[in-house]
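Asker: With the hints as a guide, bring both chains together as one complex.
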Amino acid sequence: MSSLYQSMVTVIEQSITPLAGRLGQQKYVIAIRDGFTAALPFMIIGSFMLVFIFPPFSADTTLGFARAWLDFSQTYREQLMLPFNLSMGVMTFFISVGIGASLGRQFNLDPVMSGLLAFMAFLLVAAPYADGKISTQYLSGQGIFTALITSIYSTRIYAWLKEHKVTIRLPKEVPTGVARSFEILIPVVVIIGTLHPLNLFIEAQTGMIMPQAIMHLLEPLVSASDSLPAILLSVLLCQIFWFSGIHGSLIVTGIMSPFWMTNLAANQTALAAGAALPHIYLQGFWDHYLLIGGVGSTLPLAFLLLRSKATHLRTIGKMGIVPSFFNINEPILFGAPIIMNPLLFIPFVCVPMVNAVLAYTATKLGWLAQVVSLTPWTTPAPIGASWATNWAFSPVVMCLICMVVSTLIYLPFLRAYERSLQKTAVENETRSPLTETAISN
Amino acid sequence: MVKIMLCCSAGMSTSLLVRKMLSVAEERGMPVEIEAYGVAEFDVQFPRYQVVLLGPQVKYMLSTLSEKTASHGIPVQAIDMMDYGMQRGDKVLDYALSLIEAAH
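One line per chain: the protein sequences are A and X, in this order.
The numbers in the numbering used here rise by one with no breaks, and the one at position 283 of the first sequence is 283.
The numbers in the numbering used here rise by one with no breaks, and the one at position 17 of the second sequence is 17.
Just chain X, with the same shape it has in the complex (with noise of 0.2 angstroms):
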């Protein structure tokens, strides 16, 4: 099982994405967990995924947060800026994915 959250201001417009990630992900047959969260909620999500993406209007926030997740080995990036505006689940469930395989 593979296990990515997202994470933007409110968990809002990452959910919209998350939606396409699954749809991705069950046409692969891959089984997944995939949530989005807000900003507010990161410390107490982030140890329960492998992975932790973040929505680009976030991302000045990428040092700070991957700081936090160092110690649990857990790599924290922000997603492309067109990527999420296309909102192309396939590319960053890939992108999730080779960030996991990245850190293992």
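Looking at chain A on its own, in the form it has when it is part of the complex (with noise of 0.2 angstroms):
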């Protein structure tokens, strides 16, 4: 067990953390996670009001409320779907100004600047203009890898140009505000010069604006990501990074995010259309079924810890019982630990795995509501999956399947941990009877 240990600490300290050094510092990676991060309000706000566009009522209902609220939204249907189609509707907008101005801080410059630099980038290949009118047609989910690319590339050309001090030289007695406000125009001509005829040879080529080649593109790379091996491998690398002590959810939900929002908006399209919704794995999907009470599900865990016998594990549960309810789990994944706990790999890396191929074979099967929403994943589960589904019922059921699987699947694992503390402790208590209230501190 101790050289299989010692083997294991070798292999995390000399690949998986440079791999995750690498990988989560990767600047664009950041920028990427950043952009979604500062995007997400506007979205949840904007996906919340669904409710309000489709209540969770069936058509031919009779309930006097619910009738009244059905009556309600069928006649005020383009009133309520304006918030939501000038947020989700438009969401990348928000996200290439937060990549924008992420990736414009790494560089060194002005976030206001490179921001809006990003939103023209992307407003120029991917909103066309006719008649006074803009199609919203590529501003929301088919949009989203557009506004990947154009907000790196225009960052990216700003930088370059600012490095090797391509601007308008003035004379020295300009005031310095004022030659700042030539500085960005040089990048603004770069960026029209470029991204503008480039659309049009596309356009010309192929008979498709940039986005709409792009998403062809990357259409068998949207479709994979929205597969059961494709959860898994995410999990998979999360749960090992995490064991690992690094953040892996960080880097994962980096990832993923892009595959995520494009599939939401297809989803909430097909709402809207009174379709089959067509994607499973989004972030409701794992926040709220394979992170309950945090990353490994150890909401459950953190009650089996309130009424442990070992006094360290107990302490441990106290401290990480509240947090734990808002998925916050640190408490516990440093305190127990459960992080370098050869003891506790298996149903740390197993738990999430479990749940993901119950809640997408359920799924599958047409038991299991689709998220057509965006929450914030600090939602205690239950509330979060229900409300990511437009308040359905079945995913409350799921989630709390979820959380006897990971009861039924940590609990052995704990008891041989406590066995494991008891041992030590007996055995600290014969040599110095200091050691065992260090480790019951």
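What the hints contain is simulated information worked out from the structure, not anything from laboratory work.
Predicted model, so just to flag it, every value in this text is computed and none were measured.
Some clues are possibly wrong.
What the hints assert, rightly or not - Cut-off 30 angstroms, straight-line C-alpha distance, at most; resulting in silico cross-link-like pairs (DSS-like, lysine-lysine):
id, chain 1, residue 1, chain 2, residue 2
1, A, Lys318, X, Lys91
2, A, Lys162, A, Lys172
3, X, Lys91, A, Lys165
4, A, Lys27, X, Lys91
5, X, Lys59, A, Lys318
As the list claims (entries may be wrong) - If you anchor each label on the Cβ, the simulated ranges turn out as follows:
id, chain 1, residue 1, chain 2, residue 2, range
6, X, Glu33, A, Pro175, 31 to 37 angstroms
7, X, Asp90, A, Lys165, 48 to 54 angstroms
8, A, Ala66, X, Asp90, 52 to 58 angstroms
By construction, the Cβ of each residue, glycine as well, lies at the ideal position given by its N, Cα and C atoms.
Answerer: Structure below.
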């Protein structure tokens, strides 16, 4: 056991930590994550409107209150859709500005300018303009990958031009504020001068404008991202990173967010059209079935710890239970600890994977409602799961099943861990009575 | 006034520790300012503080982040995993103070 543990520690130190370091500190991964984080409040509130537009009642209900709500939503559908259309429907605006600003900050550029530059770069290629109207077709999910590319491109160009001092030179007497107002002109010219012709060229060659062409190219990848192997792989990666003490969810959600958002928009479009929802694996699925109480679904474990025989584990349970309701479990991860603890490795990795298989299968069988709404990841699990599906009931049941599964898988390993803690405590007691208090401190 | 910044992915779990550290500082009658931030805010916030402590889960960013603070002479270190897990406000506060001491 101890030699196995040693080799595990070696693997973690020599390959996993450097890999996480490279992935998690990659400028573009950080910028994408920050961009989505910045856009999130608009999209959460925007998608919250869905419940008013599509009340969670069947169309032939006779319940007075539900009937009134349904009639209201039908009469005022267009008015109710407006906040949704101007947040979720144009999510790429917020994402572009967010990515441009974050990347700009990392390159020591003015974040407001780099954000706006990214915004313009995106509009240039993704917002076909005719008769005084802009088409919104590519401003939602269909434009996300384009927004990533144009934001990164425009900020890189801005940084490159600044680095190589390609700017309008003015005499020293000109105040710095005035000089700066000219500084941004060159990047704007270069962005327009490159992206606009490129877009025209792509359109002439393929008959598709840039976002259309990009979505066409990425189609296989986007559909592969919504499959059981993709779920299991992303969960496995996250769990192994976290087990090594690295914030794996930060890295995995950074990579998955563009796919989740694209697919979320597709689900919302289907909902609005009254069609079957095409996608299963979305942020709400990840947050509320796989990370119940935080990574590793440790909320049930927190309850088990509260009633543990080991003083140390009881203390951790008391400390960890309240944050756990809001999916924050660092006290448990580092305190129990789960991290680098060979006795808890198996349940920590298996619980979310088993739950992923169950929730995926249940959805495939048509028993579980699919995600159509964005939720804050700190929402307590059953509530968040229901909210994400526009307040269906089946996710609440699924969440409870996931918690039972989690309890059953953690329990035997926790008991083994308790026994090993007691054994070391007894051994220490025979040698020095001081060590035990240090452990249960 | 001692100014300490804690930093983790979203500033959520470190904010738990901030409360513990503040109550220890209060017991000791020590004037402190302690705040928790997410890594996204790191660049903007760190110059206002004397020391930055990272949650162990973002320790892998230590080298990049300490490069940024080096020119300001602000030390950055990761919090010990056990102290973090057990939310030992006293130990983490002592650690922060020792880092400030060592830097000056």
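Asker: Take the hints in turn and mark each one as holding or not.
Answerer: Hints and how they fare:
1. Only pairs whose Cα atoms come within 30 angstroms are accepted, and A/Lys318 paired with X/Lys91 is accepted, the gap being roughly 19 angstroms.
2. Distance check on the hinted pair: A/Lys162 and A/Lys172 sit about 18 angstroms apart at the alpha-carbon level, within 30 angstroms; holds.
3. For the hint linking X/Lys91 to A/Lys165, the alpha-carbon distance of about 49 angstroms lies beyond 30 angstroms, and the restraint is violated.
4. This hinted pair does not check out: A/Lys27 and X/Lys91 have alpha carbons roughly 34 angstroms apart, beyond 30 angstroms.
5. Between X/Lys59 and A/Lys318 the CA atoms are separated by roughly 26 angstroms; this keeps the pair inside 30 angstroms, and the hint holds.
6. Evaluation of the 31 to 37 angstroms hint for X/Glu33 and A/Pro175 yields a pass: the beta carbon distance comes to about 36 angstroms.
7. Between X/Asp90 and A/Lys165 the beta carbons are some 52 angstroms apart, a value that agrees with the proposed interval 48 to 54 angstroms.
8. The hint said 52 to 58 angstroms for the Cβ distance between A/Ala66 and X/Asp90, and at roughly 55 angstroms that hint holds.
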